Each structure stands twice: as C-alpha cells, then as structure tokens.
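Residue numbers (the UniProt record's numbering), protein chains in the order written: chain A, 1 to 207; chain B, 1 to 207.
I should point out that these hints are in silico values taken from the structure, not numbers from a laboratory.
Any given hint might turn out to be false.
Note that identical chains are pooled: a pair holds if it fits in a single copy or bridges any two copies.
To be verified - For lysine-lysine, the following DSSO-like pairs were computed, each having C-alpha atoms within a straight-line distance of at most 27 Å:
no.: 1; residue 1: K178; residue 2: K71
no.: 2; residue 1: K49; residue 2: K62
no.: 3; residue 1: K62; residue 2: K145
no.: 4; residue 1: K49; residue 2: K178
Being a predicted model, the structure only gives us computed values, none of them experimental.
Chain by chain, the residues:
Protein chains: 2
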Amino acid sequence: MLEFTVEDLSAEDIERLRAIYEPLAVSVRALVDATIRTEVDAETVAAVKADIDAATARLRSKQIDGAFGVKRTPSGRSISWGNAVIGLRNPTAPPLVIHRDEDDRRWADFHLGAAYEGPPGHVHGGVSALILDHVLGEAASPDAKPRFTGSITVRYLRACPLGPLHAEAQITRVDGVKTFVSGHISDAEGITVEAEGVFITPRWLRD
Amino acid sequence: MLEFTVEDLSAEDIERLRAIYEPLAVSVRALVDATIRTEVDAETVAAVKADIDAATARLRSKQIDGAFGVKRTPSGRSISWGNAVIGLRNPTAPPLVIHRDEDDRRWADFHLGAAYEGPPGHVHGGVSALILDHVLGEAASPDAKPRFTGSITVRYLRACPLGPLHAEAQITRVDGVKTFVSGHISDAEGITVEAEGVFITPRWLRD
Numbered sequence: 001m002l003e004f005t006v007e008d009l010s011a012e013d014i015e016r017l018r019a020i021y022e023p024l025a026v027s028v029r030a031l032v033d034a035t036i037r038t039e040v041d042a043e044t045v046a047a048v049k050a051d052i053d054a055a056t057a058r059l060r061s062k063q064i065d066g067a068f069g070v071k072r073t074p075s076g077r078s079i080s081w082g083n084a085v086i087g088l089r090n091p092t093a094p095p096l097v098i099h100r101d102e103d104d105r106r107w108a109d110f111h112l113g114a115a116y117e118g119p120p121g122h123v124h125g126g127v128s129a130l131i132l133d134h135v136l137g138e139a140a141s142p143d144a145k146p147r148f149t150g151s152i153t154v155r156y157l158r159a160c161p162l163g164p165l166h167a168e169a170q171i172t173r174v175d176g177v178k179t180f181v182s183g184h185i186s187d188a189e190g191i192t193v194e195a196e197g198v199f200i201t202p203r204w205l206r207d
Numbered sequence: 001m002l003e004f005t006v007e008d009l010s011a012e013d014i015e016r017l018r019a020i021y022e023p024l025a026v027s028v029r030a031l032v033d034a035t036i037r038t039e040v041d042a043e044t045v046a047a048v049k050a051d052i053d054a055a056t057a058r059l060r061s062k063q064i065d066g067a068f069g070v071k072r073t074p075s076g077r078s079i080s081w082g083n084a085v086i087g088l089r090n091p092t093a094p095p096l097v098i099h100r101d102e103d104d105r106r107w108a109d110f111h112l113g114a115a116y117e118g119p120p121g122h123v124h125g126g127v128s129a130l131i132l133d134h135v136l137g138e139a140a141s142p143d144a145k146p147r148f149t150g151s152i153t154v155r156y157l158r159a160c161p162l163g164p165l166h167a168e169a170q171i172t173r174v175d176g177v178k179t180f181v182s183g184h185i186s187d188a189e190g191i192t193v194e195a196e197g198v199f200i201t202p203r204w205l206r207d
C-alpha cells in the first residue's frame, strides 16, 4: 500500500517552501553538470569535495527520514518535489514541467545535458524511457488520480541528441481499469523515440 | 554518426583520473540526497547554496565542452564515466557496477535512494525502465561492441520499493542484426519488473 501523506498546507505555505528549497536544487543541478565535465587539478577537486561534504553535513543536520514521498493537500493538490522526473527539489530530475492541453494531451519542453548521456553526445535510451513513462503516466491520469504503469513499450527511431527536446502523450483508449496511452520525444528534426503504455487504476481507487 | 573518442590512456592514467574524480561524484551524490531530504531553515539553505555555487564556479574554471562522451583506449577499453546509469563521474547515476557471468548473463546489485522516487517510498517506474534498458543493452553486447536499443517492453509486476535491488539480463536469441534480450529487477521478495528488448547492431559495426 502506498502512503500519500495528507498535509494541511495552504497555497502560501507551498510557495514559501518552494522559494526556500527550489533554488538549492537548481544550484546542485549545475554542480552535477560541472562534476561530470570538470578538468581542474587534483588539489582543486579535493578542496571542492571538502566544501561539498561540509554543505551536505549542514543540510543533513535536520532532514526527513527516507525519501520525500508524495504529499497531498486537503484541496487535492499533489506535491511530488522528490520525483525523479518532475521533482523540483530533486537535482537528478531535469525537471520536467508538464503542461495540459484542452484535449488532455500532456506535453513538456525540456533540456537534457551531460547528466543524461548514453551514447556519446546523445540521450541514454533509458532516460528517454524514464521521461516517456512519466509523461504517459500523467496523460493516463486526467482526473489527477494516480494510475500506475502496467507495461510500456518504447521504440527508438534514431539516436536522440542531448539538448532541447519535447515530449508529449495522450490517451488512445480506456477499457475498464486499463488506460492506453501513446506518446513520443522529438527534437527539432522530428520524432526520435515513441512509446505506448497500458496504465492501471490501483485497486484502492476503483469504484 | 556517434563519435567514440580514442584516447591513448594507459591503465595507470585511467586509475589516476579515477582516483581524482570519482570521490567528488560520490560526495555530490550524497549532496543530491541531502538536497531532497533537508528540513534546515531558509538562512542555512541560502548559505549552503552560496557555497555550492562557489564550488561549481571552481569546477567550471576548466571543463570540457559538452558532455563527457565515451572514450576508448587503443586496447579497446571503454570509459563511460558520464553515463546516466554506470557513470562513476555522474552523480545522477546510482552508479551500477555490472558483472558478467561465464554464460554472458549480466547482473548488478545496487541501492536506490530518495533521488529515484516515483510513488511514495518506491522506485519511479521510469527509473526501472532506465536501468533495465542499460543492463539489457550490456547483455546484448557480449563482444564489447555497442548495440543500440531498437525497442524495449517493460512490465511492472508490483511496486518496487526503494532500497537494495538486483538487476540481470541475458540474450535469448540472435537473428542477424537483431539481438533479443530479457531481464528483470528484483528485491528480496522476488521480481518486481521484467523487460524484453530488441537490440540492433549499428551499420558501421556490421561485417
């Protein structure tokens, strides 16, 4: 059973917390990129490492047990700031900001840099799968109730370059507890990766 | 065309570079975790952020253009330190250390923490797909020549908890330029996610 914590946070509380913690994640994202690409000498690396260890210790002086979780407000708003794809407090997330069209199509424009590399200069195929799993999952849940991936098939049409990218997904059909969704990732030249998924309504959300 | 840089690095050079840069990535991985989980006050966060920005600037004072790439030594060794799954210099990679059995089965034991969360306390379904894509891809390339994912289907049997996990994959059949591979992720209770993939030998590696 998954625990979605309900917390009595107002819109102002959420904004206040976001203003405190989001800029830290933005900075750590830049540090992640620099860590992969730096060519500074051993002495500088060791000095930087010591500073980072000190920063980590200060942050850990007061921290939650375990992962961030998913918090819900009484008004039904969902806060997934630790999420691996959209988490604004998670430096490993690009993070995607997912938009919703009138017809419930979901889409995001985003940028993938050095941290997402697989083949040289290109997006790791699994990173494309990660992003498509998330965007398809959001498209599968137009009522803001979570649906979980039953299965997903990802087809790679060509190597996807690092840089600015677009992802989108929409429901193709619903059959009982199963929601079928398809989507893709594209660069300026067109589609690079396509996906189809079957998403399942969890038992505790079925009528 | 993908550029695999050939660099004339000896085993000693590689070890020296690894000893300089790997500990930095280990520290930044811990910082990523602390960034997601910290509850320290706004003042402390701002001070830590300033220290991190300074650290990033020092690392960026000398850095490569673009992503890390994949370097090959004349002896055929491949260095993928920026890779999103196995990159030892990439703080967003767990990183997986992939072992090879006598029968060419590939496997890895690894730990996923707060940075890989999707549903509360559980691995993001897309992260499982990311890891399986990589492990299946390694299994598809027993001769150390890269093969690229044509398609992969991932089936989610149950929610996969954050914590210690195992992944493995092996070739089921080869048909011309197509290599068929299957694999799974498991926790202490058994398999959580299965995958099947078709991997393609790139044109420039075909005989």
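For this session: Can you give me the call for K62 and K145, within, between, both or neither, at a CA distance of at most 27 Å?
Result: neither (32 Å within a copy, 47 Å between copies)
Exercise. For the identical chains here, do K178 and K71 meet the 27 Å Cα criterion within one copy, between copies, both, or neither?
Worked result: Close inside one copy (25 Å), not across copies (44 Å); limit 27 Å.
Exercise. Is it within a copy, between copies, both, or neither that the alpha carbon of K49 lies no farther than 27 Å from that of K178?
Worked result: Neither: 48 Å inside a copy, 44 Å across copies.
For this session: Check K49 against K62 for me: Cα-Cα at most 27 Å, and say if that holds within a copy, between copies, both or neither.
Result: both (21 Å within a copy, 16 Å between copies)
This entry does not satisfy hints 3 and 4, going by the numbered hints stated previously.
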